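Construct the complete structure from the given sequences, taking the supplied hints into account.
Here is what each chain is made of, one letter per residue.
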Amino acid sequence: MSTRKASLTEKQAKNGTSKYVLERCASINEYYDIAFKVMLLGDSAVGKTCLLVRFKDGAFLGGNFIATVGIDFRNKVVDVDNLKVKLQIWDTAGQERFRSVTHAYYRDAQALLLLYDITSKPSFDNIRAWLTEIHEHAQKDVVIMLLGNKSDMAAERVVKTEDGEKLAKEYGVPFMETSAKTGVNVDLAFHAIGKELKHRATQQPNEPKFQIHDYIESQKHKTGCCGP
Amino acid sequence: MEGEAQKATASWESGTLAPVDRLRSVRADSPIPGLVEGTEPGRSLSHYQWDYITDCALILKTAGAGQKSAMFIHAHSFEDLTAEAEEEALRTVDSGRSEEQHEEGLKALVAEQNIDEQHSNDLSDSRTKEEDVSSEAWRSHKKHVFVLSEAGKPIYTRYGTEEALSSTMGVMMALVSFVEAEKNIIRSIHADGCKVVFLTKSPLVLVGVSRTCQSDKEMLRELQYIYYQIVSLLTLTQLNHIFQHKQNYDLRRLLAGSEYLTDNLLIRLERDPGLLLSAVTCLPLASSSRDVVSSSLQAAKSKNLVFSILLAGDRLVTLVRKKDQFLHHIDLHLVFNLVGSSSSFREGEGWTPICLPKFNTAGFFHAHISYLEPASQLCLILVSTDREDFFNMSDCKQKFMERLSKRSAYQALKEAVKCPSYSVAQVGIPELRHFLYKSKSSGLYTSPEFPMVYQSDEEQERLLSLYQELHSCLHHPTRPLRYYYRCRETENLLAQVTSGFELYLCFSPLVTKASAFAAVNKLLKWIRKEEDRLFILSPLTY
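Top line first, the protein sequences correspond to chains A and Y.
Okay, so the first sequence: first residue is 1 according to the UniProt record's numbering, each after it adds one.
Okay, so the second sequence: first residue is 1 according to the UniProt record's numbering, each after it adds one.
None of these hints come from the bench; they were simulated from the model.
Computed from a predicted model, the values in this text were never measured in an experiment.
Built from N, CA and C at the ideal position, the CB exists for glycine as well.
Among the hints, a few may not be true.
Unchecked claim - Here chain Y is said to cover these stretches of chain A; the calculated rule only asks that three of the stretch's residues, wherever they fall, bring their Cβ under 8 Å from a Cβ of chain Y:
{"no.": "1", "segment": "57 to 68"}
{"no.": "2", "segment": "71 to 84"}
{"no.": "3", "segment": "90 to 96"}
{"no.": "4", "segment": "100 to 113"}
Claimed, not checked - Within a straight-line C-alpha distance of at most 27 Å, the following computed DSSO-like cross-link-like pairs (lysine-lysine) qualify:
{"no.": "5", "chain 1": "A", "residue 1": "Lys-56", "chain 2": "Y", "residue 2": "Lys-399"}
{"no.": "6", "chain 1": "Y", "residue 1": "Lys-397", "chain 2": "A", "residue 2": "Lys-84"}
{"no.": "7", "chain 1": "Y", "residue 1": "Lys-142", "chain 2": "Y", "residue 2": "Lys-183"}
{"no.": "8", "chain 1": "A", "residue 1": "Lys-76", "chain 2": "Y", "residue 2": "Lys-406"}
{"no.": "9", "chain 1": "Y", "residue 1": "Lys-201", "chain 2": "A", "residue 2": "Lys-76"}
{"no.": "10", "chain 1": "A", "residue 1": "Lys-76", "chain 2": "Y", "residue 2": "Lys-399"}
{"no.": "11", "chain 1": "A", "residue 1": "Lys-84", "chain 2": "Y", "residue 2": "Lys-399"}
Have a look at this one:
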């Protein structure tokens, strides 16, 4: 109950600078300063769980596709500018029948990672529908990032990098291509989100705004059409 | 939402998949991948009829229709399930005759069918991973299970792909409808070592095709399980709603990603005696430790929490429920199946809607599923009525963990998980190899680990099918038995049922009948002595 109440009061006290700080006291060996909720969205089988496992454990879930059931909730603490940021990550099932339970938790998320699979045109085509849905259910100031996953599968690519960039530009969201298999840009995606959220939460009035787009551009590993 | 769905499906029905742009506006508030990832386009009736005829041959072949005379159909009336024998016989003859007529037509078409088969062989090359449904390997599977909608659309097949079987399933539906047209219900078709059992559960039709010696009743029970598995994913209300609005809806869209649950349930039906006995088994644990675990779980309550279930693998450690609310064994097995089939709960905390069909087919519960420790076998399932209860349930788990980890019982529990079963040698009956004991009042059963002779999967499945046979004999609908003793080359079996328990024993083939019966008393005595460790004697409520 406590967390839920806490997040509600946070929303009401939007003007406070330390609104996210010490949301729930750290348990035994997991100390952190700020906690944020991040949600992974996208069609079934685009690699949401794989991306999370790569980020969390540095491993790749090869082999058979295991569909996530409902929502899966995991934590990871990352260092952002000497601050311990705990990312509470919701990994969601892409299947239609779980849509209603996913909707119920959209508004708790401060950041959304929206994934498509560069080898699946339908998953890319559905991104607009996902964005419409996000617009309807999520918080107004939610941080969104578009990710084209499976960038290692160059031979099967059907969605061009430029198409992803164009779509992201249209909606004004940052974009990059990732590979849960090789790990390309995976940490960057989560770190950029962590940095952005941390800046939002602790920003002083006279401090310059953190530019997530510039940060990503300066850091990201390009995977052009001609291969890595 | 309904309107939108209809619009969307209308464009899809017309056969030409609508361009994504047009679909997008329709699907604005629910991105539905299935809709754009080609689904089977609508077919004309004549097409279906054609398939019906060619595939009648196919199915009859599968059913081993070489001996046409051996084939008969079990059917019973809509209005009166215990219809007069005379009437029944007449109907059976009737449907039998029409079947023959069909077959006449079929013979002529066998040539055509061969061409069809060749064609599908070519197709299957591009689908190397999937089993070819026209192959001998596909046909020789011991047990097939098919699920289809009342419009004849494939929903699930155990082997091969649904697409490849769309016309076969069309035939199955035709058989169902054909008998239904005479106000009858088709129950089974028996032919040459093969049994086809039908279960119509509107809006679904389930068909089992088996080469085993299972009784119709056993197969029906298994089909029921599959039906409940599907209901638990969607609720019956949603199922009915979907098919009322669109009869030829492709349900696979909603079930996408859940096929493995049905696959695993079918494996469980072959290997888990709990599903046969309508009972679950417990982790052997000293009652003092179990009581501490139960009371810790009882203390971690929340307004909407209905059931707290702690599992060690496939074994129940404890179950705490809301007062006056009971969990049916089928629902519990569905929960076991969900947890056991998914590795995705290992790391984090899972939150998923689940319908417990024996409790209520109309609505979803929401289950919080997490392992006590990542590498542990202990899995906690908290079932809430509220979709937005995730954080409450997460807190409940936290509370339970805090309380439990302070107690020595947690250590005892972890030790118990390391040896989740016991050896039959503990009972002290040398000829006894294995047994199942079900306590009827608690719905719990106990059973030792499989001995050396039954180590392989095949041997275990064989033993279970023997138990299944005994079970069928004891629970025969018209001639139930209290005792059943059977001598075989490889083992001797004894089964007994009383008002309080059911017992199935497996002895070495050298045992005598007298000593087998004497063993029963000895075993019962042993179970009584051990019962507070083997069973949950004091179930708690919140």
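* Has the given pair, A/Lys-56 with Y/Lys-399, been kept, meaning a C-alpha gap of at most 27 Å? -> Measuring from Cα to Cα gives roughly 25 Å; hence the hint holds.
* Asked: Within the assertion that chain Y covers the segment 100 to 113 of chain A, do at least three residues meet a Cβ-to-Cβ distance smaller than 8 Å?
  -> Contact hint for the segment 100 to 113 of chain A vs chain Y: holds, 4 residues under 8 Å.
* To do: Quick one: see if chain Y covers the segment 57 to 68 of chain A, three-plus residues with Cβ-Cβ under 8 Å.
  => holds (count 3)
* Asked: Given the proposed pairing of A/Lys-76 with Y/Lys-399, does the C-alpha separation stay at or below 27 Å?
  -> holds (21 Å)
* To do: Assess, step by step, whether the Cα of A/Lys-84 is no farther than 27 Å from the Cα of Y/Lys-399, and give holds or violated.
  => holds (25 Å)
* Under a C-beta cut-off of less than 8 Å, do 3 or more residues of the segment 90 to 96 of chain A approach chain Y closely enough to confirm the stated coverage? -> n = 5 at 8 Å, threshold three: holds.
* Proposed proximity, A/Lys-84 with Y/Lys-397 (alpha carbon, max 27 Å) -> holds (25 Å)
* Holds or violated: are the alpha carbons of Y/Lys-142 and Y/Lys-183 at most 27 Å from each other? -> Status violated; Cα separation ~32 Å.
* Whether chain Y covers the segment 71 to 84 of chain A (at least 3 residues having a Cβ closer than 8 Å to its Cβ atoms) -> n = 5 at 8 Å, threshold three: holds.
* Asked: Regarding the pair A/Lys-76 and Y/Lys-406, is the alpha-carbon distance no greater than 27 Å?
  -> holds (26 Å)
* Taking only the CA atoms, is the gap from Y/Lys-201 to A/Lys-76 under or equal to 27 Å? -> violated (46 Å)
Taken one by one, the earlier hints fail for this structure at numbers 7, 9, listed in ascending order.
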